[in-house]
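Heads up, the sequence shown is in this note's numbering, so the first residue is 543 and it goes up one at a time.
No wet-lab data here; the hints were simulated from the structure.
Predicted, not measured: the structure shown is a model, and the values here were computed from it.
A few of these clues could be false.
Listed next, with one range per pair, are the computed distances between beta-carbon atoms [as the list claims (entries may be wrong)]: (1) Val610 to Arg575: 30 to 40 Å; (2) Glu611 to Gly578: 37 to 47 Å; (3) Arg545 to Cys582: 16 to 26 Å; (4) Val610 to Leu580: 29 to 39 Å; (5) Glu607 to Arg554: 12 to 22 Å.
Glycine included, each C-beta is placed from N, C-alpha and C at the ideal position.
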Amino acid sequence: MKRTSLSIDGRRFLLAVDLDTEALEKRLIEAVRSHGDLVCFAVAGDREVCVLVSPGVAVILEHEEVPVEDPDEDDAPFHYDDVEYLS
């Protein structure tokens, strides 16, 4: 699974997993080229953030592959290293 974070002027936002990052990149570029605009995007936790993006504002997108967690992992049986502990 790909996780993307966006940093704007040093503030980091973890983007929603289902967010279209290519479309966000295009909106960020358009905002800079038009000498500033408000760009809104969804972040983790089902919140929306709106940021005024203009030339001179540092914007960094980081893409990272993370392992998909097994939803049944919490239900896995316990494994004991010391069998004598059980008796």
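Checked hints:
For the pair Val610 and Arg575, the supplied restraint of 30 to 40 Å holds, since their beta-carbon distance comes to about 36 Å. In this structure, Glu611 and Gly578 meet the distance hint of 37 to 47 Å, their C-beta atoms being roughly 39 Å apart. Here the CB-CB span from Arg545 to Cys582 is close to 20 Å, well matched to the stated 16 to 26 Å. Our hint of 29 to 39 Å for Val610 and Leu580 holds, since their Cβ atoms are close to 34 Å apart.
The supplied range of 12 to 22 Å is met by Glu607 and Arg554, whose beta-carbon atoms lie about 18 Å from each other.
Hint violations for this structure: none, all hints satisfied.
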